[in-house]
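Q: The listed protein sequences correspond, in order, to chains P and D.
In short: position in the first sequence from 1, add 34, done, that's the working numbering.
In short: position in the second sequence from 1, add 34, done, that's the working numbering.
Keep in mind that the hints were calculated from the coordinates and are not lab data.
One or more of the hints may lead you astray.
For identical chains, the list gives no copy identity; a pair is met inside one copy or between any two copies.
Derived DSS-like pairs (lysine-lysine); straight-line CA-CA distance at most 27 angstroms [stated by the list, open to error]: (1) Lys141 to Lys332; (2) Lys356 to Lys242; (3) Lys62 to Lys141; (4) Lys79 to Lys167.
Protein chains: 2
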Amino acid sequence: MVQNQLMLSIRFLLLVAASFAAAADLNKPLVLASQGSFFIGGESKSTGTGPGAGDVTINQMYVSFQTPPNASRHTPVVMVHGCCLSAKTWETTPDGRMGWNEYFVRKGRAVYLADQVSRARSGFDATKISAVKAGAAPASSLPNIIFATHQVAWTVFRFGPTYGKTFPDGQFPIETVDELYKQMIPDLNGLLPNPNPTWTNMGLLAQKLNGAVLMGHSESGFFPEEAAMINPKDVRGIVSIEQPCTTTLNSSQVAILAKIPILVMFGDHLSDIQGGPANWNQSFQSCQVFVKQVNDAKGDAVMMHLPEMGIKGNSHMLMQDKNNLALADLIMTWIDKHVDSRK
Amino acid sequence: MVQNQLMLSIRFLLLVAASFAAAADLNKPLVLASQGSFFIGGESKSTGTGPGAGDVTINQMYVSFQTPPNASRHTPVVMVHGCCLSAKTWETTPDGRMGWNEYFVRKGRAVYLADQVSRARSGFDATKISAVKAGAAPASSLPNIIFATHQVAWTVFRFGPTYGKTFPDGQFPIETVDELYKQMIPDLNGLLPNPNPTWTNMGLLAQKLNGAVLMGHSESGFFPEEAAMINPKDVRGIVSIEQPCTTTLNSSQVAILAKIPILVMFGDHLSDIQGGPANWNQSFQSCQVFVKQVNDAKGDAVMMHLPEMGIKGNSHMLMQDKNNLALADLIMTWIDKHVDSRK
């Protein structure tokens, strides 16, 4: 185990060095074989029988994609954002650096960005809100809308121990935190049925792509596993970043997940937050249990706890942290070894 | 006038021929000098004083962009979508063809796609809804949410005279109308203050870009004019597509707009819809009046009413119609002549 962590640390240092050497390449023109957008899933719903009533479409998931030339050498990667955010998560960072979406494309992968069902371009089911407005339903039937305040985001995203304070080694570009706050939008997942249509749609997307690596973060961190348990057919790999893991899976669920390579990644300062609604150390511990369950079932699950690999100061928003591209390299190296080598 | 229309018709036929010849080029790899996303505008709002209260950011506008090599030869183009839609409007069409966003980029222009404030990735002010849920405000204070049903969309978007019927010459790819329905998401503009922050943000975006052509459609069709009347500084051109025009502008407002080249475009069958909430012929007539007002003030406003130019069957969603790229060529030719030639 210690040797494994040492190996990972050395590999990471090499990756950091390679990242610096490759930085100049990131300014070269980006060449795309194709790009576009589409929806996965969706169903019709009647809005009732009154005047103006009719059908609307709900539970669809908006997906945009970019494909580099020769993408077929690598498995496509689907990225799904967390609570109170949109696919903007993966794009240009708050301080204007390249996001994982473009970086993965430049590294030869087709990348699919989704807005969760009930968020952003995927829309939401507005009929429950309108029913209350019309007096046809009580105010209590309105959804619980999560809109994280700046104060909550600061500690939940682990920019520092309390609001306004930072960790000395913090990797988040805190001087541009206002740009992150603009990414934070109301979360209407309280309107969703169970199972969450995003899970189903992620599975359908993997199927449409004839195989994909599903990546989730925070609220959606365990969505790849949920998607695979519903429809494992073309889920070739799972990347779960900074989320609570379910530890109550039954043996047949674990057996499904044991057939899929899984990478779990956590940043730094998990126990260094004072107060706030999230307990990241607890989440980390639950994922340790989950990784062990999968490996005990002869699966291939890897936990990368970054500080144990010598990578310090990463926040919850590690795809936006200053070392975001080096972390992306870690993930792609894992995909190459655990997923693409099986192709 | 008749001669003008004839000239436009001949030019359009040449453009259609050129489009066919150029179609093969559209399959070539897309080369981008840069791409990314950011927010324009936005302000902090306190959520109150209770437990969990804090500050959220509202009224920001999400913008993504792509810049081709040598884009400096043309003025950047900002595209803003209409009611119950997002920037998806300009991307891949419902039947999977190239949208205006990529086509304009392939034609050498930097393109900026915005989600209107209060929609999609721009988020919305959820505090009013949560106040009702908490019992702190009456249900009547909930916003009027517009969610266009399939039935309403069919006639408002002029796919045919009544729901389920099509026009024989209709240009919309009606066999994939279900994919359009998935683009239609609840419109929360009822939450917005006056002036609409999208107007202000569009002006700020033009300024940030040191000059831009602002394009709006339907609900946002007159937003470029509104933006210019607030902050005309760097609005170099306006493209207003299928919207009601304001005909009650005062002379100083008209004087502002008379300094900016303006193109107004309308499709076909404006008077051929039976019932429904939109009266497109009335909108068209209002824009005829507006165009005359601007030109009477020595402005440069052009009305392209497509059927009068021999271009038949276009729906309200003309950026998704089967001849969408030929229409894009018409617009770019207008930009070259009326905007870029002034650079």
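Q: Would you mind marking each hint as holding or not holding in the structure?
A: Comparing the hints with the structure gives:
Taking identical chains as interchangeable, the C-alpha atoms of Lys141 and Lys332 are never at most 27 angstroms apart, the minima being 31 angstroms within one chain and 53 angstroms between chains. For a Cα distance limit of 27 angstroms, the shortest separation of Lys356 from Lys242 across copies, 25 angstroms, qualifies, whereas the shortest one inside one copy, 34 angstroms, does not. Taking identical chains as interchangeable, the C-alpha atoms of Lys62 and Lys141 lie at most 27 angstroms apart whether they share a chain (13 angstroms) or sit on different chains (20 angstroms). Taking identical chains as interchangeable, the C-alpha atoms of Lys79 and Lys167 lie at most 27 angstroms apart whether they share a chain (19 angstroms) or sit on different chains (24 angstroms).
In terms of the numbered hints stated before, the structure departs from hint 1 and from no other.
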